[in-house]
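Participant: Protein sequences appear in the order of chains W and C.
Residue 14 in the working numbering sits at position 14 of the first sequence, and the numbers go up by one each step.
Residue 191 in the working numbering sits at position 191 of the second sequence, and the numbers go up by one each step.
The hints are simulated quantities; they were obtained by calculation from the structure and are not laboratory data.
Be a bit skeptical, because a hint or two may be false.
Residues from chain W shown here face chain C by an in silico Cβ test under 7 Å; the list is partial [stated by the list, open to error]:
#1 Met22
#2 Leu26
#3 Leu27
#4 Ser31
#5 Leu50
#6 Arg52
#7 Ala63
#8 Ala68
#9 Ala69
#10 Asn78
#11 Arg108
Reference listing, derived: stretches of chain W covered by chain C, where coverage requires no fewer than 3 residues with Cβ under 8 Å from a Cβ of chain C [said to hold, decoys possible]:
#12 43–49
#13 86–100
Using N, Cα and C, we set each Cβ at its ideal position, and we do this for glycine too.
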Amino acid sequence: MLRASAEETGRPHNLAAVVNPMAGSLLPAGSELLAFTDAVILVDHHEMPLARQALRDAAGTEAVVRAAACAGNFQMMNRLLDAIGVKVWAGAMALADELGVSVPDHLRPN
Amino acid sequence: MAVDAITVPKAEAAAIDRALWSIASPGATLTGLQRRQLAGVVRGCSGFIESGSDAPSIDPTRPSSDVDGLVMLTRRLTTEAQTFRLSDVEDFLEAGGSAETFVEILGLTARIQAIDTFCFGLGLDLPVLPPVIEGTPTGETAGDARLSGGWVPTVGPASPPNALSLVPAEYRGMHDLHGVFYLSVDRMADLNADRGLHRTQMELVAARTSLLNECYF
Chain W
1 MLRASAEETG RPHNLAAVVN PMAGSLLPAG SELLAFTDAV ILVDHHEMPL ARQALRDAAG
61 TEAVVRAAAC AGNFQMMNRL LDAIGVKVWA GAMALADELG VSVPDHLRPN
Chain C
1 MAVDAITVPK AEAAAIDRAL WSIASPGATL TGLQRRQLAG VVRGCSGFIE SGSDAPSIDP
61 TRPSSDVDGL VMLTRRLTTE AQTFRLSDVE DFLEAGGSAE TFVEILGLTA RIQAIDTFCF
121 GLGLDLPVLP PVIEGTPTGE TAGDARLSGG WVPTVGPASP PNALSLVPAE YRGMHDLHGV
181 FYLSVDRMAD LNADRGLHRT QMELVAARTS LLNECYF
């Protein structure tokens with residue numbers, strides 16, 4: 001959806017940053033968003049306030065709220081899909097290959 | 001320089017309130033007490049609380065029992081959902097659990113994790129769980145759910161929108177939170193959505209979250 005949204009709206013983007021944040025996403029506040037996401041998902045009590053403030057400084061309070069909400073939402077969705085064995089859709093396999101991500105056998109499309 | 005605390009917007013606060021009250025209420029197969037206790041198990045092992053826990057202790061050497069089975073399932077869904085395989089669902093069913101209970105626990109675990117992640121991200125205390133709502137389990141399940149590409153029955157092919165469709169209350173709860181935290185189903189096609197973050201930025205967070213959780217969808 002990141003690629004689809006970026007291409008639809010003509011925004012520069014670099015998907016590689018999802019796997020390697022150092023690669024740079026080319027999105028506004030991209031590095032701050034990635035650092036925030038890492039801190040919240042990895043439950044880093046030390047980094048969390050620092051990453052929150054950095055994102056707030058870069059993109060504002062509403063951005064922090066939405067980032068936290070999106071991270072929370074996908075914490076929910078990730079668990080649902082993993083626990084009931086929803087297979088990866090075929091189009092995502094090419095993307096996984098592009099990013100060097102290995103999809104487990106049991107989740108590969110038939 | 002003092003940093004202003006971040007306030008939870010009204011829509012998000014209301015959605016969280018609805019979710020927490022539903023978690024403390026009777027579900028399809030579990031009582032409000034059981035559901036609230038399992039919510040405590042989620043909090044006890046998610047790491048958002050740095051010290052202290054209201055989770056019941058688990059002795060791994062004890063023979064499994066109904067209660068331990070539910071607690072163990074909840075802990076695994078919280079901390080290692082990516083390790084689940086079909087055999088885990090089959091084992092749960094063989095031990096006397098039902099697909100409905102599995103989906104109910106999955107739903108409440110996932111929603112608590114969403115809410116607590118949100119609050120942790122904003123630097124807020126985790127919201128207090130409401131008192132238990134008494135009553136018997138509702139028995140509300142989807143009679144037209146079938147195994148369709150997933151490990152539990154769903155209404156239609158197993159997919160993100162209908163992952164919890166076997167238990168309508170969990171399905172409704174997930175969609176309620178999904179729509180407020182991220183996007184409602186009817187806005188999913190809006191690739192130019194802007195909610196404090198542009199859609200591209202929201203997807204960056206979503207993709208990184210999923211990678212860190214080893215979820216490949």
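Participant: Next, verify each hint and record whether it holds.
Facilitator: Status of the hints after comparison with the structure:
At about 13 Å, the closest approach between the beta carbon of Met22(W) and any beta carbon in chain C exceeds 7 Å, and the interface hint on this residue is violated. For Leu26(W), the suggested interface contact is broken, since its CB lies about 10 Å from the closest CB of chain C, more than 7 Å. Residue-level restraint check for Leu27(W) holds (minimum Cβ-Cβ distance to chain C is 6 Å; threshold 7 Å). Proximity of Ser31(W) to chain C is violated relative to the hint, the smallest CB-CB distance being about 10 Å (cut-off 7 Å).
Taken as an interface hint, Leu50(W) does not check out: its beta carbon lies about 11 Å from the nearest beta carbon of chain C, beyond 7 Å. Restraint check, Arg52(W) versus chain C: the minimum CB separation of about 6 Å is within 7 Å; hint holds. The interface hint given for Ala63(W) holds, since its Cβ lies 5 Å from the closest Cβ of chain C, which is under the 7 Å cut-off. Interface restraint check: Ala68(W) against chain C, minimum CB-CB distance 3 Å, threshold 7 Å, status holds.
With its C-beta approaching chain C no nearer than about 4 Å, Ala69(W) sits inside the 7 Å limit, and its interface hint holds. Hint status for Asn78(W) relative to chain C: holds, with the closest Cβ pair at about 4 Å, below 7 Å. About 9 Å separates the beta-carbon of Arg108(W) from the nearest beta-carbon of chain C, more than 7 Å, and the hint is not met. Only when three residues or more bring their CB closer than 8 Å to a CB of chain C does the claim for the stretch 43–49 of chain W stand; here the count is 4, and the claim holds.
Only when three residues or more bring their CB closer than 8 Å to a CB of chain C does the claim for the stretch 86–100 of chain W stand; here the count is 6, and the claim holds.
Against the hints set out earlier in the document, violations occur for numbers 1, 2, 4, 5 and 11.
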